[in-house]
Amino acid sequence: MIKLNADICANYSEATSREWLETNGIGGYASGTVSGTHTRRYHGMLIAATRPPLGRKLLLSKFLDTLIVDGESYCLSTNQYPGTVFPDGYKYMTDFRLDPFPVWTFEVGGIVLEKRFFMIHGENSTVLKWSITHWVGEDCSLELRPLLAFRDHHDLQDENPDFKTEVAIENGNVSFQPYPDLPRLYLNNNAHSIDESGVWYHNFEYDIERERGFDYSEDLFNPCSLRFDLTVGAVVIAALEPKAINDATEFEKREVARRRSMIDTAAPTGESTSYLTIAADQFIVRRGDGHTVIAGYPWFSDWGRDTMIALNGLTLATGRPQIAKSILSQFSNFISEGMLPNRFPDEGQTPDYNTVDATLWYFEAVRAYLEATEDVDFVRDILYEKLVHIISWHICGTRFQIHVDTDGLLYAGEAGVQLTWMDAKIDDWVVTPRTGKPVEIQALWYNALCVMADLAKQFRDEDGQLMFGSSAEKAKTSFNEQFWNESERCLYDVINGEEKDASVRPNQIFAVSLPHAIIDAARYGAVVEKVETELLTPYGLRTLATGDPKYVGVYTGSPLSRDSGYHQGTVWAWLIGPFVDAYRKAHAGDKRLDRKIAEILASFDGYLTEGCLGQVPEIFDGDAPHHPRGCPAQAWSVAELLRVSKK
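For what it's worth, the working numbering labels the leading residue of the sequence shown as 120, then goes sequentially.
Hint data in this document are derived by calculation from the structure and do not stem from the laboratory. Just so it is clear, CB atoms sit at the ideal spot from N, CA and C, and this is done for glycine as well. Please note: incorrect hints may appear among the correct ones.
[Said to hold, decoys possible] When the alpha-carbon atoms are kept at most 25 Å apart in a straight line, the in silico SDA-like pairs for lysine to any residue are as follows: (1) K544 x D742; (2) K576 x G555; (3) K669 x D542; (4) K248 x E369; (5) K444 x E374; (6) K576 x R499; (7) K593 x W603; (8) K210 x N130.
[What the hints assert, rightly or not] Distance ranges between label pairs, derived from CB positions: (9) E600 x M120: 38 to 48 Å; (10) G317 x A534: 16 to 26 Å; (11) D471 x Q296: 28 to 38 Å; (12) V204 x S316: 35 to 45 Å; (13) N124 x E600: 40 to 50 Å; (14) P440 x Q296: 36 to 46 Å; (15) E618 x T384: 46 to 56 Å; (16) E490 x L585: 15 to 25 Å; (17) D709 x G616: 19 to 29 Å; (18) A621 x N124: 29 to 39 Å; (19) K619 x D471: 28 to 38 Å.
Construct all of the structure, not just a fragment, from the sequences and the given hints.
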């Protein structure tokens, strides 16, 4: 349980800076701030995945909730309008907790009111419950005014004549369908009266959208008000179908039990890993008959690269190998010309294949799965031939000039494309193109070849063992001859013919951290020391050394400003995982090693009660104090921290 006291909850700045996230396992989600103010266009009570796991539509933005005691009204909601915060219901909040889902407690005139909120797993449904926990006998009721958005979760809503305002009331429940191409929303409830209102609320302002250089003002429609007798409590189930309101308690018990079971299965090593176990589950969603990983909430879809990097931490480290198997199987169905998809777009089902590293991370995910499960039959019978197929395509050549060069190293790239994880692109400008032979791609290629040599040996494929083994040996020899930068005592970032990029970036850490390390062991220490000295921060690794002229220390401003600095100094949390792996190798045998690793990871323990509660964001500023930026809940950040924390 994460609990925030009144000092935080009744402080507008502190309460608004902290976010909560609920997900439903099929790509839908709900999110907001502790204060109740929406600061993102993605904040809402029900963002439904209409084409699971994508097609996400923000249907129900929020409720305006008003407590009425002996005829006097107390607004418990909080909103940001131009130049003002109104109403200021956060002032009545005495605590907020994730227990295991969001719970708010308000105290007004001797009455203590609790609001609980959760999503039903596997459904586009949310449950909200209000109940009095302390009451001295006054006449007490609750009025709720739903605010509807009915839009894509990336967009904003303005009052417009196409928005159909009709309210359907049947058996005490209400429903709405403002646009024919969006689903009908049902508010199943136990209200004792329902009054139609038909009012637009204008100019809600979302501060984080303003900070990010986007449009930040929205209009929301209030179709009705619901009045509840709080002596029996108030319940609303917002769903895409009618629901029996009496089932709300059973839904809650089921969800609490599901989350407790995950904790028990994961066997966390402490409070932080318990938080991270629940966080990890939020990224795992269904895709068809299998599973995939949402790269980050609120705006990312499922990405091949992120999925393969995160698979170990999200599934194997939490004791859920069956989900890892499902993901590996699911992605194997999308292999095309020896490549895994980079991402599945929000609109449309045609995946993008513009990545060189997602496919190589697939081999590491398979290796980790086999090590954890010893599921030889699955890897041999289902995956092995597909892995051989991938290697063959890389040797002969596939999209974007991805091919093995005569020196045994992997070349990738062409003008106008960004194929590595440093993939920022602004119109036709690729910020960090890294065309040629990026250092981490060579490390991943070598690791993949070694994995294949091991599998070939295990599966008695003698020809394959010889071919993969000799290819790996050739790649390692060439790498150590070409990539060592003696003057800086570290590795070049990219080699393209005679050009050698000496930028000090974190990509070189993978040459040490991967299970099959491509760099000579004698140089482990130098690489780790260089990265530690110039790139390590309390929240991950900078993407560029501070002394580089291209270094950008603060990730803020317009989309152009932010994207141009995305990999030019910004700290990425997920890189703490490979750094810890490399540090362990470089300092093997040091009696202080465990203590040092604990010190490296300690900052994240404190962060879990800030930002998006219980989650880890995508990035932080390169400059101290390293403010969190980007996506507030990122799969590979959580996964890598969880993976190395449990080693």
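Outcome of the hint check:
1. K544 x D742: The hint holds at about 23 Å.
2. K576 x G555: Status violated; Cα separation ~32 Å.
3. K669 x D542: Judged against 25 Å, a Cα distance of about 16 Å means the pair holds.
4. K248 x E369: The given pair, whose Cα atoms are some 13 Å apart, holds under the 25 Å limit.
5. K444 x E374: Since the Cα atoms of K444 and E374 sit roughly 24 Å apart, the hinted pair holds (cutoff 25 Å).
6. K576 x R499: Measuring from Cα to Cα gives roughly 11 Å; hence the hint holds.
7. K593 x W603: OK: K593 and W603 at ~16 Å, within 25 Å.
8. K210 x N130: 7 Å, holds
9. E600 x M120: 38 to 48 Å: Because 55 Å falls outside the window, the suggested range is violated.
10. G317 x A534: 16 to 26 Å: 55 Å, violated
11. D471 x Q296: 28 to 38 Å: With Cβ atoms ~33 Å apart, the hint holds.
12. V204 x S316: 35 to 45 Å: 23 Å, violated
13. N124 x E600: 40 to 50 Å: 60 Å, violated
14. P440 x Q296: 36 to 46 Å: 42 Å, holds
15. E618 x T384: 46 to 56 Å: Roughly 50 Å apart at Cβ, these two residues keep to the hinted range, so it holds.
16. E490 x L585: 15 to 25 Å: 23 Å, holds
17. D709 x G616: 19 to 29 Å: Given about 40 Å between the Cβ atoms, the range is violated.
18. A621 x N124: 29 to 39 Å: Violated: the Cβ-Cβ distance is about 50 Å, outside 29 to 39 Å.
19. K619 x D471: 28 to 38 Å: 30 Å, holds
Violated hints for the displayed structure, listed by number in ascending order: 2, 9, 10, 12, 13, 17, 18.
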